[in-house]
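Protein sequence lines, in the order shown, are assigned to chains F and S. The numbering of the first sequence is this note's numbering, which starts it at 1 and goes up by one. The numbering of the second sequence is this note's numbering, which starts it at 392 and goes up by one.
If you are wondering where the hints come from, they were derived from the structure by calculation, not from laboratory data. These numbers come from a predicted model, not from an experiment. Heads up, some of the hints might be wrong.
Derived SDA-like pairs (lysine to any residue); straight-line CA-CA distance at most 25 Å [what the hints assert, rightly or not]:
1) 166/F x 458/S
2) 507/S x 185/F
3) 18/F x 449/S
4) 454/S x 26/F
5) 166/F x 688/S
6) 21/F x 458/S
7) 551/S x 185/F
8) 651/S x 185/F
9) 490/S x 398/S
10) 651/S x 22/F
11) 558/S x 119/F
12) 507/S x 124/F
13) 454/S x 192/F
14) 551/S x 26/F
15) 449/S x 201/F
16) 166/F x 680/S
17) 21/F x 554/S
18) 454/S x 444/S
19) 21/F x 166/F
20) 502/S x 102/F
21) 507/S x 119/F
22) 700/S x 123/F
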Amino acid sequence: MVANVKDKAVIVGIGNTKFSKESGVSELSLAVQAVKAAIDDAGLKPSDIDGMATFTMDTNDEIEVARALGVGELTFYGRSHYGGGAATSCLHQATMAVATGMAETVVVYRALNGRSGHRFSGGVAGDITTSDAIHWGWYMPYGLLTPASWVAMFTERWMHNTGVTKDALFEVAHSTRVYGANNPAAFFYGRHFDRAEYDAARTIASPLQLFDCCQESDGGSAVIVTTPERARDLKQPAVSVRGVAQCAADNQEQMTSFYREEFAGIPEMERAAENVYAMSGLTVDDIDAAVIYDAFSPIVLWQLEAWGFCGNGESGDFVLDGALRTDGRLPTNTHGGQLSEAYIHGVNGIVEATRLVRGTSVNQPAKDVNHALVTSGVGIPTGGAILGKMN
Amino acid sequence: MTANELNAFEDEINAFVGREVCPPTPAKDDVNTAMIRQWTEIIGDTNPAYTNEAWAAKSTRGKSIAPPAMMYVWGQEGFAVTTGRPADAQADLVSLFNKHGYTGVLGTNVKQEYFKEVSPNDNVVMEMVIDNISERKTTGRGPGYFFETLSTFTNQHGEKIGTQRFKVLKFIPQEQPAAAAAEDTLQVPTRIASPRGHDNKWWWDACDAGKVLIQRCKNCQTLRHPPRPMCGECQSMEWDSIESTLDGEVLSHTELHHPKIPGYQYPLVCAVIRLGEGTNIVSNVVGCDPSAVHIGMRVKGKVEQVDEKTMLPQFYPA
Numbered sequence: 001m002v003a004n005v006k007d008k009a010v011i012v013g014i015g016n017t018k019f020s021k022e023s024g025v026s027e028l029s030l031a032v033q034a035v036k037a038a039i040d041d042a043g044l045k046p047s048d049i050d051g052m053a054t055f056t057m058d059t060n061d062e063i064e065v066a067r068a069l070g071v072g073e074l075t076f077y078g079r080s081h082y083g084g085g086a087a088t089s090c091l092h093q094a095t096m097a098v099a100t101g102m103a104e105t106v107v108v109y110r111a112l113n114g115r116s117g118h119r120f121s122g123g124v125a126g127d128i129t130t131s132d133a134i135h136w137g138w139y140m141p142y143g144l145l146t147p148a149s150w151v152a153m154f155t156e157r158w159m160h161n162t163g164v165t166k167d168a169l170f171e172v173a174h175s176t177r178v179y180g181a182n183n184p185a186a187f188f189y190g191r192h193f194d195r196a197e198y199d200a201a202r203t204i205a206s207p208l209q210l211f212d213c214c215q216e217s218d219g220g221s222a223v224i225v226t227t228p229e230r231a232r233d234l235k236q237p238a239v240s241v242r243g244v245a246q247c248a249a250d251n252q253e254q255m256t257s258f259y260r261e262e263f264a265g266i267p268e269m270e271r272a273a274e275n276v277y278a279m280s281g282l283t284v285d286d287i288d289a290a291v292i293y294d295a296f297s298p299i300v301l302w303q304l305e306a307w308g309f310c311g312n313g314e315s316g317d318f319v320l321d322g323a324l325r326t327d328g329r330l331p332t333n334t335h336g337g338q339l340s341e342a343y344i345h346g347v348n349g350i351v352e353a354t355r356l357v358r359g360t361s362v363n364q365p366a367k368d369v370n371h372a373l374v375t376s377g378v379g380i381p382t383g384g385a386i387l388g389k390m391n
Numbered sequence: 392m393t394a395n396e397l398n399a400f401e402d403e404i405n406a407f408v409g410r411e412v413c414p415p416t417p418a419k420d421d422v423n424t425a426m427i428r429q430w431t432e433i434i435g436d437t438n439p440a441y442t443n444e445a446w447a448a449k450s451t452r453g454k455s456i457a458p459p460a461m462m463y464v465w466g467q468e469g470f471a472v473t474t475g476r477p478a479d480a481q482a483d484l485v486s487l488f489n490k491h492g493y494t495g496v497l498g499t500n501v502k503q504e505y506f507k508e509v510s511p512n513d514n515v516v517m518e519m520v521i522d523n524i525s526e527r528k529t530t531g532r533g534p535g536y537f538f539e540t541l542s543t544f545t546n547q548h549g550e551k552i553g554t555q556r557f558k559v560l561k562f563i564p565q566e567q568p569a570a571a572a573a574e575d576t577l578q579v580p581t582r583i584a585s586p587r588g589h590d591n592k593w594w595w596d597a598c599d600a601g602k603v604l605i606q607r608c609k610n611c612q613t614l615r616h617p618p619r620p621m622c623g624e625c626q627s628m629e630w631d632s633i634e635s636t637l638d639g640e641v642l643s644h645t646e647l648h649h650p651k652i653p654g655y656q657y658p659l660v661c662a663v664i665r666l667g668e669g670t671n672i673v674s675n676v677v678g679c680d681p682s683a684v685h686i687g688m689r690v691k692g693k694v695e696q697v698d699e700k701t702m703l704p705q706f707y708p709a
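Bound conformation, chain S alone (with noise of 0.2 Å):
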């Protein structure tokens, strides 16, 4: 493709963004017991305010709820869709982006925002749009471009109850060994690494060498951690280290619940822990239940692989 075809063809696509996918349509069914109670069953989710009418109607709300994730299964088309769609705009991107031989599909993502709640008998009216597309992007895939629809829900009151935006890459599929290479690069989420500046570089080098070093003022002789350029008793610059034996003791703990975190492993405890030597450290404590982690506990670190990428010391029950 020139550069004109390509600027030609990214007019063309780019002209779908802001048409409409479906106009304002009300659910088929309206919200029912029947649905709810099949879905969180295969969902497994036993919350008492989506099926349990007793204990609902004795709740803050008063009466049931549909779970809000089911926002989007109210408009579903079920069975009719065998026999295909009727022609909408996202269709007719769709095929335009196959024409061009971007033919690869690839869902990426879907992100809900819930406004409002919903109750049997209440109806849920569902709009589309497309919402964005975005420029020309080489992926582990092949090259494509991801488009966004952004669903609208309303109830039959026309009250706004929730979004829902779906990411596809469109994408030209590779050669067989550049997609088995791609394969190999598809990233899984790691674990937030630390920048690494002049002042901390050495220790998170040291920690991928599997120790744990604790900076150590060459003048006083005094221990510092987290390191910094100067010594705050003496405010000597010079300074080495000495490796901790990681034999420590829980000051203090806490389990993180709530957001998850994609690249962490949950159930997930951070603790600040005095070492040995007499310095604290933030680390998590593993290796026992969450539960069973506590103020004054023994624990001695090692420093482990915990991903693709990271390097870390993580302590046990002593």
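Isolated chain F, as found in the complex (with noise of 0.2 Å):
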């Protein structure tokens, strides 16, 4: 059974704080001020705020962000789990409020000092004795603790199986790199990218190197969403939910998925995008860009594939043909991505893909972009979204 909010949520304001490498705030700061961007965008006020969602991994308290900006009163708070993956499953939280009225305008956040804070980057360790620490556990004594090396272990072996070279992997970094360079709030604007640099740069895990990781940042992004109904007296054409979706699928750990008969793949994303599809009545062919979660360039790929738009293995011919580009198939991570916008675990790329169906993207492809496609980070338990105009 697929459950049905098609169109009984909506998004009407988004909000960045600067990115950097150093905020110089506290989290709370940044998390603060990109909900308060977002209302402004909107034309709310803090008290018309009564939802909030965010990630597990976020150390913003509800309550703590409501206090600060003047929210007042909170009937809905909701987090979820799993690192990037709980990105665009905080929209189908904040969705599921709106559409069954728990409540009214849920705001979707995430803030961190992911470079001046703790750095995903240093890896797993610790000494507390829960199930996740358990699951970290098979794999720290060897020396596999940092996102990179559990990536790079798919990678390799989906390398393996279907001929993708790095070729495909550059063409992810390059073309989202094209549109950070355009992007003045993105860490690579103005900056120069080539295969030679790509190519020269150190390996991090291989097969990976340091241009196929994406950034650790500082900041804050911010979504809100509310009913149509509501969206009508506000300030921004509003873009609508059409489905989402998130899916944990069998014999599932988080990163590690390594013990599936055949564990180069990703079937979560696989059933989050029939769901999707199902709920929204839309197919691939609807679907006119995309912001796809790129912790590491060919985690999009393995994407593109389970979104069906190429079949398994095909997915380095697809990019190869230039379908990511702005003149592409399917213009993808108009940002510049988490490889070289930010890393905001994946909510800069749900305002992005708003901005994309608002046609306000600094990169806004030429063509009519009826339906933007947004994705959570893959490996772990995942999902996605469509959003397209309001009729």
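Reassemble the complex: the two chains are provided individually, in unrelated frames, and hints are given to aid placement.
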């Protein structure tokens, strides 16, 4: 059964803080700045917010954000787990809350000092005996303890199985950075990047090199979700949630699902895609542009396959045809992605997907964008959403 | 020292937190190629971005840069320090520690962060403050305090190029036998161990004893790894285990280059290995060049002591 929340919730406000490598402020400050920017963008007041959705990894308690902003009463707060898998899961939470009437106006936020504070590249460690820590215990003693190393293990096998080469990884890394070079908010703004630099960069965890990896950033992003009725009075054209889904697949681990019969795949995203298509009544042909979670270049390729833009093992050829570029089949990560704008755990991606539908991306494709796809991180329980113009 | 005396002493040392050690001071010499060349020769760093002008001119920077780690070099006094340093807040703090018996000194770590590059003819300006002092700690060397200086480096335009934190332990040296014992307990980093709980402790205990076990459902005989409390096939919570022969095949692998984690020896290869019994395990492949590891490779494992505290299965080419 597919729940139907199609067009029952809409995005009416988006906000980012400045992205940097050293914000000099607290994560709470970033969170409230991002939420305030989204509230202003929507033409709302803080007291209009009655619900919040964020990541379990976020350090900013809903009540602290609410108190700092002067939001007042909250009647919904829900958190989503599994790192970057939570990006569209927060949108999923917000959509369910709005569609069921648990809240009228929900803000999704994520704010982190990901470079000047805790860095993901530092790896996992720990002496707390939770099921999560015990899970990492099967990898830490061997030195497999960074996101790059976990993704590298999948990538090596996937390249072996499919014959996809680093040419395709470079195309993802490069097309994204070309967008970033044109985005004043991006870390890569104004920066030249070419194959020679890509090839010469140090290896992080083979086969992944430096430019296959995303930024580590300080910053915050927020989007505001409300009902189509409420949206009519607001400042911005509403962007509708056509479909949204999350999925944890069989035999799932967090970043280390190495125990499946064939582990070089992301069945959880295939299932989420199936549900989003069913919910929205749309097909892959209806999607005009995308923001595909790009913590690492190869994971974009796997998701193109999971969402059916090409067949399994064909994503290399698909991107090498220029599909991700501004005049291609699927302009993707037009803000520069997490590879080159900033790593805000995918919520800056929801902001950009909203802009693509509004027609306000800094790299807006020439064609009409009626529907944009946005996805969460993979290798973990994940999901995605299709956003579309209000009818 | 009585509690009151200790409090008074701590008030006195804590008053140093935030004090300036040196005001913003431009280096006597600008960043220059001669010093960069000597430094990189000694360190053995052959990066052409530092010393190959022709290469650097064609790089994206268009010019050579100084190694960021040299940041602290430019402001050094040089030969003059052999006749003593001028008094500053740090020297005053050190003599205060010495006066109270904390005569031992151990530089414990340096942490640099880089924000902007400098090139020949730039000038590096350094300022330093005493950033923090720890509470009283009991260390292997004796009781003492850690204090940390924070140096901030800017270029001639006032743009921040980096920071350096330098942590020093000032301690009361212990009597010889105690000091010798303390020496033995000085910690060499070891691999990060798995936490051990109800569901996995038995596995790691067996590993410590030299065996790799695979959990087996007592009801339907299905093998499972990593261990968990219930069989996903038949929901039985009754289980025993079998010992793996550690014959395996590499399903995927990665060589870890960056970051290098203290306690691990590099080169380091991790792999997903399908054991002959049918379950998969993540481990290291050792005993061959990392570039020789490949998907489909046959490997044979044995449980080995990999550092002072850690027993782990390690797989060799079969």
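Comparing the hints with the structure gives:
1. 166/F x 458/S: With Cα atoms ~30 Å apart, residue 166/F and residue 458/S exceed 25 Å; violated.
2. 507/S x 185/F: 19 Å, holds
3. 18/F x 449/S: 32 Å, violated
4. 454/S x 26/F: 37 Å, violated
5. 166/F x 688/S: With Cα atoms ~22 Å apart, residue 166/F and residue 688/S stay inside 25 Å; holds.
6. 21/F x 458/S: 20 Å, holds
7. 551/S x 185/F: 21 Å, holds
8. 651/S x 185/F: Since the Cα atoms of residue 651/S and residue 185/F sit roughly 31 Å apart, the hinted pair is violated (cutoff 25 Å).
9. 490/S x 398/S: Distance of about 16 Å is within 25 Å: holds.
10. 651/S x 22/F: 23 Å, holds
11. 558/S x 119/F: 21 Å, holds
12. 507/S x 124/F: 29 Å, violated
13. 454/S x 192/F: 16 Å, holds
14. 551/S x 26/F: 20 Å, holds
15. 449/S x 201/F: 16 Å, holds
16. 166/F x 680/S: 22 Å, holds
17. 21/F x 554/S: 14 Å, holds
18. 454/S x 444/S: Holds, because 7 Å separates the two Cα atoms, which is no more than 25 Å.
19. 21/F x 166/F: Given pair residue 21/F, residue 166/F is violated - Cα atoms ~28 Å apart, limit 25 Å.
20. 502/S x 102/F: 49 Å, violated
21. 507/S x 119/F: 20 Å, holds
22. 700/S x 123/F: Status holds; Cα separation ~20 Å.
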